[in-house]
Amino acid sequence: MQAQGLVKRYGEREALRGVSLEAGPGELVAVIGPNGAGKTTLLSILAGIVRPDAGEVASADGTVGWVPQQAALYRRLTVEENLLLFARLEGHEDPRGSAEEMLELTGLGERRGEIVARLSGGNQQRINIAIGLLARPAVLLLDEPSVGLDPRQRARLWEFVSGLAGRGTTVIFSTHDIQEAERYGGRVLVLADGESLFDGSAGELREAVRSEAPEAADRDFETAFVAYLQHRGH
Amino acid sequence: MRGVRWLLLKDLQILRRSPLQAVLLVAYPILIAVLVGFAISRGPGDPRVAFLNEVPPDTRINVGGEELPKTNVKKQVCERVECVFVDDRDEAREVVESGDVLAALILPANLVNRINSLSTLTPGVPEVEVLVNEENAVKAELVDDRITTLLAEANLRIARRIGNEGGRYLGLIVNGGEFKVLGETIPILGLRTSARILEQVTPALPPALRPALKEVTEFASQARDNLDVAKPLIDRLAQPIEVDKVVVGGESPPLEIFAIAVAATLTLAFVVILLVAGSLALEREENAFPRLTRGLVSNTGLLGEKVLLGVVVGLLVTLLMLFGMAIFVPLEWGRVWLWLIAILASGAALGAAGAALGAAAREVRAVSLLAFMVTLPVAFLSLVPSGSVGTVLFDAIRYTTALFPFKPALEAITAALDRAGPGIGGPLLHLAVLFVAYGFIARLALRRFSAV
Chain A
1 MQAQGLVKRY
11 GEREALRGVS
21 LEAGPGELVA
31 VIGPNGAGKT
41 TLLSILAGIV
51 RPDAGEVASA
61 DGTVGWVPQQ
71 AALYRRLTVE
81 ENLLLFARLE
91 GHEDPRGSAE
101 EMLELTGLGE
111 RRGEIVARLS
121 GGNQQRINIA
131 IGLLARPAVL
141 LLDEPSVGLD
151 PRQRARLWEF
161 VSGLAGRGTT
171 VIFSTHDIQE
181 AERYGGRVLV
191 LADGESLFDG
201 SAGELREAVR
211 SEAPEAADRD
221 FETAFVAYLQ
231 HRGH
Chain B
1001 MRGVRWLLLK
1011 DLQILRRSPL
1021 QAVLLVAYPI
1031 LIAVLVGFAI
1041 SRGPGDPRVA
1051 FLNEVPPDTR
1061 INVGGEELPK
1071 TNVKKQVCER
1081 VECVFVDDRD
1091 EAREVVESGD
1101 VLAALILPAN
1111 LVNRINSLST
1121 LTPGVPEVEV
1131 LVNEENAVKA
1141 ELVDDRITTL
1151 LAEANLRIAR
1161 RIGNEGGRYL
1171 GLIVNGGEFK
1181 VLGETIPILG
1191 LRTSARILEQ
1201 VTPALPPALR
1211 PALKEVTEFA
1221 SQARDNLDVA
1231 KPLIDRLAQP
1241 IEVDKVVVGG
1251 ESPPLEIFAI
1261 AVAATLTLAF
1271 VVILLVAGSL
1281 ALEREENAFP
1291 RLTRGLVSNT
1301 GLLGEKVLLG
1311 VVVGLLVTLL
1321 MLFGMAIFVP
1331 LEWGRVWLWL
1341 IAILASGAAL
1351 GAAGAALGAA
1361 AREVRAVSLL
1371 AFMVTLPVAF
1381 LSLVPSGSVG
1391 TVLFDAIRYT
1401 TALFPFKPAL
1411 EAITAALDRA
1421 GPGIGGPLLH
1431 LAVLFVAYGF
1441 IARLALRRFS
1451 AV
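Chain order of the listed sequences is A and B. Per the working numbering, the first sequence runs over residues 1 to 234. Per the working numbering, the second sequence runs over residues 1001 to 1452.
Don't take every hint at face value.
Stretches of chain B that chain A covers, calculated by requiring three or more beta carbons in the stretch to come under 8 Å of a beta carbon on chain A [unchecked claim]:
#1 1283-1292
#2 1356-1370
Derived DEER-like restraints, expressed as beta-carbon distance ranges [unchecked claim]:
#3 B:Leu1035 <-> A:Pro151: 30 to 36 Å
#4 A:Arg167 <-> B:Ala1437: 34 to 40 Å
#5 B:Ala1366 <-> A:Pro151: 35 to 41 Å
#6 A:His176 <-> B:Leu1035: 41 to 47 Å
#7 A:Gln4 <-> B:Thr1400: 50 to 56 Å
#8 B:Arg1002 <-> A:Gln4: 32 to 38 Å
Don't read these hints as lab results, they were simulated from the structure. Please read all numbers here as calculations on a predicted model, not as lab measurements. All C-beta atoms in this analysis are idealised placements derived from N, C-alpha and C, irrespective of residue type, glycine included.
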């Protein structure tokens, strides 16, 4: 997936200022930044939901799966009914087979008949992602997928997402948790006030933080990262 | 279209999964059908009025020498109200105060004597007493109307008797005859006979007296002719104005058919608007809207699916209600195909209005409130008949209600139910225009919906 010079304005406010991004097959890219940095806007543009004011987006095979921050599924339907509905809407030849496949992938096969509203936030998020995967996308966009999940649910979620990347899916996820970005992101894109501050590996980000905010280098990474943002004027 | 089918199925599944909603959708039309059906088939109940007759039993009403049977008075009163007979004034006051009856009608002991005096030279003023408990405005209005009507009828009957008696006296003066007073019969010559006698004796009188007598004869003739004219005038005094009703327009169906049409249209409007607006807002509340419109279904397809959902459920609920009402009031089964056309067209226009509302708000609860706030006043305003309010206000109401599909839906369903009403073509055309207009507004609102 390639994005070049993306600009998005909401009235007077510039949500994105010429952000570019490139991600190859099987790559896990973390988009990190404080609240209001433009993470959701970037992912929405990559997903084709929001049109940019300037810049271009291209995906090699055109299929982009999108998983919004809040679970986008029907809480009064069962797990299986949700998967079946979206498989049918995607026009799958064998929607039942596709739903079955996703149930297996999410490990929710035994809970297929349960109403989604009764599931935990973590399980709802797994179905949310599974629905995003029904289109069999080459690129999967996850908008803050771990928000509201407990540590155990988070671990399960990232195990699941890492498995997808391992099978060749390009995964671009947004988060404001620096440790999560460092741990799971093969590459990290730092956004602040709509501006791209850094694009590189987690190790390179550590180096950049250390060199730009040496006074915070001995402290934990999150504190050092905040100091780095302040040094960059954010 | 593939997406629309699966979304419709999904919405029906969600509807079925909400037991309260599903029960309401079935129970509501049945309940309304039974209530309206009972109300229409049984007609309005007579108000309960306490009745106390203090007139001595042997007293007879005698106006102009003619006796009126007293039972007639009681019969007249008790035909129009449900009479509760009481024994004395205290009991009458008690039942009124307790709310057991709307009012008490007391015929005082001197009533008949005073009525009888009306045709004498010393007429009295007959009075009846009415005790009322005006605990609410509607009750007070009802009592006033019923009692005013009863008294107007009684006054009319008595006035006719008095008029007849006056006419009889005039007849005696003009034509002559016999007049009975205090058991004696007094012969009355009459103007006609007097004039004839005078004409006969005139030739026998000296010529000098003839001019004076001629003047008397002429006066008698003039008086006779004028009094002949006076009799119909006295007759008219009892009821000077008569009503000659000519229907020149606004041919209307029977009241019970109109009541059924109102109940059916209200049900259809609430079911369709709430369902369409609510299910559209639900897509947003469940965050599913952006996922759906990202290539799975178009905005127009999504709107079409919601309107279709409203039309399908609205049609079933309204038909259920009409079938229920048919148990109480005979409906013309030969016009069922017109019912279907009217309900489908109304449902589509109401659904488009619901979609416009649903696209304007974020949450299901906000949408439901908005739908009620719009539908209820429009429904009430649509029932305001012309002439009941000022011209300017009625014009404002007419134009306002024309912008919403309730009124044309009511007209279409009324026309479909009964052939006596206005034609169905106009309302169907009106509904089609509103369907297109609201569809366009909903489409615009949905674009804003996507952008937020």
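Now the hints, each set against the structure:
no.: 1; hint: 1283-1292; result: holds (count 6)
no.: 2; hint: 1356-1370; result: violated (count 0)
no.: 3; hint: B:Leu1035 <-> A:Pro151: 30 to 36 Å; result: 58 Å, violated
no.: 4; hint: A:Arg167 <-> B:Ala1437: 34 to 40 Å; result: 51 Å, violated
no.: 5; hint: B:Ala1366 <-> A:Pro151: 35 to 41 Å; result: 36 Å, holds
no.: 6; hint: A:His176 <-> B:Leu1035: 41 to 47 Å; result: 58 Å, violated
no.: 7; hint: A:Gln4 <-> B:Thr1400: 50 to 56 Å; result: 53 Å, holds
no.: 8; hint: B:Arg1002 <-> A:Gln4: 32 to 38 Å; result: 35 Å, holds
Hint compliance for this structure: hints 2, 3, 4, 6 are not met, and every other hint is.
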